[in-house]
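K.L.:
Chains as they are written, first to last, in the working numbering: chain Z, 1 to 574; chain S, 1001 to 1321; chain E, 2001 to 2488; chain F, 3001 to 3144.
Because the hints were derived from the structure by calculation, they are not lab data.
Quick caveat, the model's predicted, so the values are computed rather than measured.
Incorrect hints may appear among the rest.
Calculated lysine-lysine pairs in the DSS-like style (CA-CA distance at most 30 Å, straight line) [to be verified]:
(1) E:K2284 / E:K2426
(2) Z:K494 / Z:K449
(3) E:K2289 / E:K2426
(4) Z:K295 / Z:K336
(5) E:K2254 / S:K1126
(6) Z:K43 / Z:K449
(7) E:K2136 / S:K1005
(8) F:K3134 / F:K3088
(9) E:K2318 / E:K2254
(10) S:K1150 / F:K3088
(11) Z:K273 / Z:K336
(12) Z:K19 / F:K3112
(13) E:K2262 / S:K1129
(14) Z:K356 / Z:K336
(15) Z:K385 / Z:K369
(16) E:K2292 / E:K2254
(17) E:K2289 / S:K1126
(18) F:K3088 / S:K1215
(19) E:K2318 / E:K2091
(20) E:K2254 / E:K2426
(21) E:K2262 / E:K2289
(22) S:K1126 / E:K2262
(23) E:K2254 / E:K2289
(24) F:K3112 / Z:K439
(25) Z:K43 / F:K3112
(26) S:K1126 / E:K2292
(27) S:K1126 / E:K2284
(28) E:K2292 / S:K1129
(29) Z:K449 / F:K3112
(30) Z:K449 / Z:K356
(31) Z:K377 / F:K3112
(32) Z:K492 / Z:K230
(33) Z:K377 / Z:K336
(34) E:K2289 / S:K1129
(35) Z:K377 / Z:K439
(36) S:K1080 / S:K1005
(37) S:K1080 / F:K3134
(38) S:K1129 / E:K2284
(39) S:K1150 / F:K3134
One letter stands for each residue in the lines below.
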Amino acid sequence: MPEPRTGVFICNCGTNIAKVVDCDAVAEAAMAMPGVVAARSYKYMCSNPGQEMIAQDIADHGLERVVVAACSPRMHEPTFRRAAETAGLNPYLVEMANIREQCSWVHDDSTAATEKAEDMVRAAVMRVARHEPLERLSVDMCPNTLVIGGGIAGLTAALELADAGKLVYLVERQPGLGGNVARVDLTAPYLDSARDMLTDRLTRVVEHRDIDVMVSSELTRLDGFVGNFKAAITVHHDGGSDEERQVDVGSVIVCTGYREFDASRATHLGYGKLPNVITSFEFERMLRLGRIETKEGRLPQYVSVIHCVGSRSEEFHGYCSRVCCMTALKYAHEVKSALPGSYVSDVYVDMHAFGKGCEDFYRRSAEVKTLFLMYGKGEHPVVRKADPSDDCGMLITVDELLSGETIELPADLIILMVGMEPREDAEAVTRLVNISQDKDGWFIESHPKLDPVATTTDGVYIAGACQSPKDIPDSVAQARAAAGRILGKISKGKLEIDAMFAEVDEDRCSGCRMCNEICPYTAIEFDAETRRSQVISALCKACGACVATCPSAAIKAKHFTDEQIFAEIAGVLG
Amino acid sequence: MASDKLQIALYWGSACGGCDVAVLDTDAFILDVAAAADIRLWPIAVDGKYADIEAMEDGELDLAIYNGAVRNSENERIAKLLRAKSKLLVAFGSCAHLGGIPGLANLTSRDEILSTAYLHNPSLEKGSKTLPLPESGVNGTTLTIPSFYKRVYKLDDVVPVDYYVPGCPPAFDQVQAVLEAVVGGDLPAVGSVVGASDRALCDDCARVKSEKRIKHFYRPWQIMIDPDACLLEQGILCAGPVTRSGCGSRCPSSGIPCRGCYGPLDGVVDQGAKLLSAVTSVIDSTDPEEIDRIIDGLPDFAGFAYRFSMPSSLLQRSVGQ
Amino acid sequence: MSRKISIDPITRLEGHGKIEIFLDDDGAVEDCYFQIPELRGFERFVVGRPIEELPRLVTRICGVCPASHHMASAKAVDGCFGGEVAPLAVKLRRMYYNAHYIHSHIAHFYALAAPDFVLGPDADPAIRNVLGVVAKVGLEIGGAVIGSRSKAQEIQRIIGGRSTQDIWCIPGGVAKGLKPEELEQIRPMVADLLEFTQFSLQLFRDVVLANPTYLDIIVNGPYTLDVQNMGLVDENNAPDFYDGQVRVVDFEGKELYRYDAKDYADYVAEHVEPWTYLKFPYLKQRGWKGFKEGIDSSLYCATPLARLNVAERMATPKAQEAYEEMFATIGGHPSRLLLAQHWARLVEMVQNAETLQLYCDDPEITGDAYRVIPQHVTGEGFGIVEAMRGTLTHHYTCDANAICTSANLIVGTTNNNAPIQMVTKKVAQTLIQPGREPDQGILNMIEMAFRAFDPCYSCATHSMPGQMPLRVRVHRGDEVTHEFRRGC
Amino acid sequence: MSFEPKIVGFLCNWCSYTGADLAGTSRIHYAPNVRVIRVMCSARIDPTFVIKALADGADGVLVCGCHPGDCHYSEGNYKTMRRMPLLKRMLADLGIEDERVRLEWVSASEGKRFADIVDDMTERLRELGPSPVKMVLAGDAGER
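Chain Z with its partners taken away, still in its complex shape (with noise of 0.2 Å):
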């Protein structure tokens, strides 16, 4: 049988492929494969011009398959195939070879790259050769929504899609909703209350008709796929008795926030052994309480503020807390207007201002005469006890950088700036909507920047501080994109899934059960009947776990099989 007619399309990403790999040399050494009838190097494939030339081709060379050699797949998959599709050429007809990220980022040998990609192309060429055109599935989606997580983010998504109309279960561990906002005073930079903030939006989640809130409760399980997910979830009454409930959702979204750093962590910081060090959530309380004073109830003379608490640092988290720093000098203007006559001194590293508005308030702290003290990344202040000679409780020695000093600094409280850090349980709920973690434990969204909102679980979608620190304003909009996705989803009716399961061969199955006990997703039946076992399609995720274990190849992984991964091996290795 003659090999198909094949296009082969390498991207040369501007420069960032063509910098390294040589791909006019690659496209010249494809068309020497298998079936390629056509071969092309452009600047950016993913382009319209690009996305077009791809499909001219399948027209004036009668393409039967398409490689394109470019980014990840897992980046630009479902717009080739969409080119191949509007050219009249079945989606699954394409295949990528990743020769940007795998390849032009990694190596600088370009000689090395350029051989590396041709195989990589030829493997590619060769697999799509055995390539079948699949159908996608078009399955129901369920209009409604679980949202897990009462705080900001989760209220304002399910708020968004109630307000459309749309069912929404909203599941909050802790009794009461509102979450870490709950447990602030003012925000920065517009001094506006978060109790006001939160108080309307609390009350119309209660009150709205298609929010089931559901207050000491917790996700137990979730099975099935996007548009058609069974969530089990336990209800916690008042008296220990618990209550299960099982829901139909279509979609999820991850809402479960972020945690303060534990501050007793920074020994050199004396939380905890020194009883006027307090977190800024003690000094938020102090402030809804409306009383700025020591543990020994005095009113404090100095008052100090300590940036960067387990955030941006070697020891504890690399990464910037980012809502730290304007909460500091919230801090400072609140100090200062309740205790004009205090010092308030505000020991940073770094003052990022980068938000709206943030950099005037910046500017107004300054004049609000607080006393600024930088000290360098990785050293640290170090806090003692006063002597009972000194007028003050405690001494900050900083070593500050801007005068090269060592500068002894007063304090009667010490305000730590603890940063945000990843919930105990956040694995757990990796595990339970399986999505992942990154390597500081915040959750990962399907791509950086296109696409911050949605998981590698179709149909799964994560907004606020769970998948990384982030103030008000971004885990408000995070929240209500999600939400916009999900309503766009619902608004279609039906959505169309991927065509990749698993499928047995009944002429070939032996009914040996090998592959019974293999799927996670108890996707396989054995008819006893038959003496048959057989896939439940819409059960089955494609792991390809029964296809390797059944000992007569009579299961097939629909776009993996046996054939077009051994065609691969043998084109990567020439």
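Assemble the complex: chain Z is given as a structure, and chains S, E and F must be docked to it using the hints.
P.N.:
For chains S, E and F alone, kept in the frame of chain Z given last:
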């Protein structure tokens, strides 16, 4: 020889004779074959003249049945001759089909074989250093014996084969079915395996099967074997799941696990690797150390998994130097 | 300057062989070599395998007598585990082996040997085969022959699950027992077989003994050899095929040795010649003296006739009658008349059939105590049985995990390698005379010499696989004056 | 010119392949000797693939999956964890050196780890030399 009868030759390469016995086991049927055909060559039972075969026109034979593996140049020479003279060439039995048990020699080397047989064994003449030589001078003339290949090959490694009859030996009822098919000219697509099923042995095995989770592998002598339950589920390594059925499941029904003589199913390129994949997948542990302990119960896995198919496996032989 | 004849390959025996005959300038036989061209390497490639698997590996040494290898191997493996075997298993194994003996002897006598007698040594090769025999004796008898061999096979299938390429023995016993309903299936077949052995003896009397030419060939032909005899015997010196002691008597009937399997290496050694892959066993304590006949020769036969020569009696009544009749007819016990092998084979068939019947009547035979689970690995085992074609020795060692570390095999036909060399030469010398060119018929009579041994070269070449053709080339100087070919 | 091994890498889509992509987006450089084949889950990796790669001339085979417990398909990598040890034992019996086949767990965030593994394996294989498979089979073809 002018005859409207079917012209048949049976030949053994590197063989044990079991395949010929399997043909004899068709009993009275062999007489029908004799009636319907001229058996032009069958070394175990018929005085055929090799010269006759050489003298034949190409394609003069209707059917040549070759059993045994290809171990030396003589085997290869005859295989090529029969291929030329016969319209159909059938690889008969595990050795011709897959390499068979003699193919286990591919796990060792020619030198090791010679030294074991002629230099190091307890009953050897004291101090004997003699090795058989391809050529040795006697009476001023030279006696020759074929030197054998470095490893064992299956028949289609040296000539194109039309059909494969699996089994060590092929079950006699299957042999009869195949001969009848040939006589009746009723044959499937060239290259097919005939005289066997398209499903694995488990399809025929009467033992009761359920979900598989294996915590322990046992060797057959270590436990009393339940006569009714799946051997694998009892922890007895069995090649049934990766082996074509057609033998009548004789071994498992006698309490002995299948060792795979009927070979892999269509679509399986390496019988041993498939067996490995299947049985390890159902090991009941997620702890690496425990998994190691469990597979300690599977010594010499290569020798079991490739019991009949080493020369037809992807690696074909041990590549150890 | 000598000329050379080779017969290549020998047909109608299991395996392969090649004969080189050297004629002097007058055309008299100067020398004769029987070459075995192959090696399979079993002794090497069973190393590293789990020891309990060997009985299922070594059967592929020979698919014609797989049960012999299976049994010898099973016994050697039992030994590696301390040697304890369920008594019922021993009975079942013996029963199975009796059936195998009958099958094999029928196959040899009717398919391999009978053509020479029933059709005559000089009959047209094209019809000189089992089909020709059937044609001559008639389809009815042909059917009986085929049917009886088939019953013998079926009995093995019923007892041990399979006939060819046996699987059934495991350390300490067998993998399945004999169910009462299976025993009832077997009974009638056994009765038929016993009757068939009597029929075969009668056929031998009618067709062979009644024919002066054949009798003359047997008694006065060149088919004799002055070498010693080897075989397994029970405590009464009656033949035992499955177990017992190895007894060696010289051709005058004097006992030379009587030893247990574990001592085989003190009594037998193997000599190697560069021109054949098959080794030459000899009586170790006498040393290798070359291919020499005589009362002090270190060479011996291990064949059906040798077994009856070694035995002082048969173990069962009908067999005893046949034994007495045979030796009376061929001039006394022990005998050196090699062609009496075929007759001896029939006598052995009778004992096997009778023994088989005794086991059928054993009330315990359908019990379920057919296995004991070995408790420890002792590491070395020896197994000797009488294969149809001679004393078969397996000797294994294994490590603590019961993985085979060494294997040594002395196979039935190998025992007879030297005698076959010698008798072939002797026959050639008698039949190929100066000025009398050899022809097909004479070649066949040479073959008859070793066919009497029913040599099995698939067995004998256990150390090497493949086949080798039988060819006759007559050389005068460098010029080939004649060429004969046999099979391929 | 020194010997440059060819390594075939089988990577699961969700963790290891994403991790390899991350190495790219983070511009972490590593040896160009690996050729990656993407599968949805390491559980799809039939030991046959590994042997096929060796038979087709790979000097080494790298199998990567999600860390135990982190599988996108919850249990897939446990199948891999069970298959690989016996596969390595069997390959040892067939004369394949241990270093040629390697199983590693690489998460979506471990781009650096992936790069280090490839570099390390490449270095070990450089020292070990070319796979015996090609040479031996070629040798047999030359003289049976």
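K.L.:
For the pair supplied as a hint, E:K2292 and E:K2254, confirm whether the alpha-carbon distance does not exceed 30 Å.
P.N.:
holds (19 Å)
K.L.:
Holds or violated: are the alpha carbons of Z:K449 and F:K3112 at most 30 Å from each other?
P.N.:
It holds: about 21 Å lies between the C-alpha atoms, which stays within 30 Å.
K.L.:
Would you mind confirming whether the straight-line C-alpha gap from E:K2289 to S:K1126 stays at or under 30 Å?
P.N.:
holds (14 Å)
K.L.:
Holds or violated: F:K3134 with F:K3088, Cα cutoff 30 Å?
P.N.:
Between F:K3134 and F:K3088 the Cα gap is close to 19 Å, so the pair holds against 30 Å.
K.L.:
Is the hinted pair S:K1126 and E:K2284 satisfied, with a Cα-Cα distance of at most 30 Å?
P.N.:
Holds: S:K1126 and E:K2284 sit about 10 Å apart, inside 30 Å.
K.L.:
What's the verdict on S:K1080 and S:K1005, does the C-alpha distance respect the 30 Å limit or exceed it?
P.N.:
With Cα atoms ~24 Å apart, S:K1080 and S:K1005 stay inside 30 Å; holds.
K.L.:
Do the alpha carbons of E:K2289 and E:K2426 lie within 30 Å of each other, as the hint requires?
P.N.:
Measuring from Cα to Cα gives roughly 18 Å; hence the hint holds.
K.L.:
Checking one constraint from the list: CA of Z:K449 to CA of Z:K356, max 30 Å. Satisfied?
P.N.:
Holds, at roughly 20 Å.
K.L.:
Checking one constraint from the list: CA of E:K2292 to CA of S:K1129, max 30 Å. Satisfied?
P.N.:
holds (22 Å)
K.L.:
Has the given pair, S:K1080 with F:K3134, been kept, meaning a C-alpha gap of at most 30 Å?
P.N.:
holds (27 Å)
K.L.:
Given the proposed pairing of E:K2254 with E:K2426, does the C-alpha separation stay at or below 30 Å?
P.N.:
holds (25 Å)
K.L.:
Check the hint pairing S:K1126 with E:K2292 against an upper bound of 30 Å on the C-alpha distance.
P.N.:
At roughly 20 Å apart (the allowed maximum being 30 Å), E:K2292 and S:K1126 satisfy the hint.
Checked against the numbered hints listed earlier, the structure breaks none of them; every hint is satisfied.
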